[in-house]
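**Q** Sequence:
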Amino acid sequence: MYSEKINTSPSPASGKRSFADRLREIKPTRWVRFGVVALLYTLWCIWMGNLWLLLVLPLLFDIYITGYIPLTWWKKSNNKVTRTLMSWVDAIVYALVLVYFIFAFIGQNYKIPSSSLEKTLLVGDFLWVNKAVYGPRVPQTPIHFPLAQHTLPITNSKSYSELIELDYHRLPGLRDVERYDIVVFNAPCADTVPLKVPEPDYYHLVQILEEEKGVPDGRAYIAENEDIFGEVVVRPVDRRENFVKRAIGLPGDRLKIVNDVVYINGKPLEEPQYVQHNYVVPVSGAISAEQWKEAGVSLADAGVQPQTDPSIPFPFYNIPLTKEALAKVKSFPQVNGEIKLLSECSLPLVQGIFPVGQGLGWNLRNMPEFWIPKQGVTLHLTTANLPIYRRAIEAYEGNKVDVRDGKIFINGKQTDYYTFKLDYYWMMGDNRDNSSDSRFWGFVPEDHIVGTPMTVLISFDQDRSFPASIRWNRILHTPNPDK
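Its first residue numbered 1, the sequence shown is counted upward by one per residue in my numbering.
Hint data in this document are derived by calculation from the structure and do not stem from the laboratory.
These figures come from a predicted structure and were not determined experimentally.
C-beta atoms are modelled at their ideal positions from N, C-alpha and C, and glycine is treated no differently.
Treat the hints with caution; some may be incorrect.
Stated by the list, open to error - Cβ-Cβ distance ranges computed for the label pairs, FRET-style: (1) Leu51 x Leu71: 51 to 57 angstroms; (2) Ala148 x Val89: 17 to 23 angstroms; (3) Asn385 x Glu271: 39 to 45 angstroms; (4) Asn385 x Leu51: 42 to 48 angstroms.
Claimed, not checked - Distance condition first, Cα-Cα at most 27 angstroms in a straight line; then the derived DSS-like pairs of lysine-lysine: (5) Lys421 x Lys374; (6) Lys267 x Lys323; (7) Lys323 x Lys483; (8) Lys407 x Lys374; (9) Lys483 x Lys374; (10) Lys330 x Lys293.
Whenever a hint applies, use it, and build me the whole structure from the sequences.
**A** Here it is in structure tokens:
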């Protein structure tokens, strides 16, 4: 794996080199390399909390110093093609191993695919996500290709093996998740995926089939119609899609939403700097792309033409705006009336809100107060609050929950109490009316947390062609001005 050649030819005197001979032939620079690698590896073993891993040190010693294992056999080949091919294989394997450790324990690049956090993060931002801040997770599926989340390109096959699966373990980090942190995490709703219909997520798809299409059993219908929905796969936690949202509620908080205002422990939460709400903008004609750009609104959000709806007697735009953008839009000559929040208008509210399929009647802008689970805290369970916590108890903490004759059974035992094993978080996007977040799929368990963005590496505007699409002012820009 390493390019420096080690002389392993037999000694003329003895027919083979002794251990002492091998050591004498090693250049000082190679001893320095081994020392650095051994030190870093030892520190990593201590960080992992598993000193059994130090048993690999003799292998590293042989790779760098003694060379008993002929890993560089190809360097002595008389076949030039073999030497050239194996030198490329050696370099690629070395690079992949290095990338594997960097991506698993230090950080990783991440692209913003949707507008859920605009205008804090923009579609087309490429972020560097720091995994060491909260403590990196030990990979739960350690056998995986480091450059693909769950599917290999071209072949469309799994990028990981479930031959070895480890329990959740997080290494020591610098701090815990704090309120207003922007957090990258594995999507809790992406554990089960019909490959031909990945959106909406599986649980909302089941709800749509049952409530809107009249299907008696949505899960069975999906499984029986593989030609429509594709194979249904269940992905390990660390191989699920990555989401990025803002941490609004922390473990142990009591949270409620009243008319779009989030309350934490009874107090209204100050909104982030670039938070957006959807407004209904009445117009007499179409607003141009140049005007939207001047207001800082993307064409994907604005649309090309104003909308119409029987409940609103004028053409309008339903558009997400920051306070600054709202002031700019008000000055457009096409605006023909009072601009109102979407929540103040008669347009239908978004359905499929957490807890999914439980029929509690919550909506995007109003949720009654509930408690966010905290590790080690015991909750008094009732049939009234069980729908809020059932998925956490079952899917995330591995229990079986049943309700019989108004009584709750966990793993076959009747109980009115449950002690949580994990911390949970409530995540929301800054683009409040255009974000698939905890209001749709609920709590985010701590074992789903990946890291937090540290900087914007580069950014591309999808409304422009290259090279004008490069947002130069975003390069090395802070991804979270509210922290």
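**Q** Confirm or reject each hint.
**A** Here's how the hints hold up against the structure:
1. For Leu51 and Leu71, the hinted distance range of 51 to 57 angstroms is not satisfied, since their beta carbons lie about 26 angstroms from each other.
2. Hint check: Ala148 to Val89, Cβ distance near 19 angstroms, so the stated range 17 to 23 angstroms holds.
3. In this structure, Asn385 and Glu271 break the distance hint of 39 to 45 angstroms, their C-beta atoms being roughly 28 angstroms apart.
4. With their beta carbons about 44 angstroms apart, Asn385 and Leu51 fall inside the hinted range of 42 to 48 angstroms.
5. Taken as a hint, the Lys421 and Lys374 pair is honoured in the structure, with Cα atoms around 8 angstroms apart against an allowance of 27 angstroms.
6. For the hint pairing Lys267 with Lys323, the CA-to-CA distance comes to about 22 angstroms; that is within 27 angstroms, so the pair holds.
7. For the given pair, Lys323 sits about 20 angstroms from Lys483 by alpha-carbon distance, which is consistent with the 27 angstroms threshold.
8. Between Lys407 and Lys374 the alpha-carbon distance is near 24 angstroms, which keeps this suggested pair within the 27 angstroms criterion.
9. Straight-line distance between C-alpha atoms of Lys483 and Lys374 comes to about 24 angstroms, which keeps the hinted pair within the 27 angstroms bound.
10. At roughly 14 angstroms between alpha-carbon atoms, Lys330 and Lys293 fall within 27 angstroms of each other, so this suggested pair holds.
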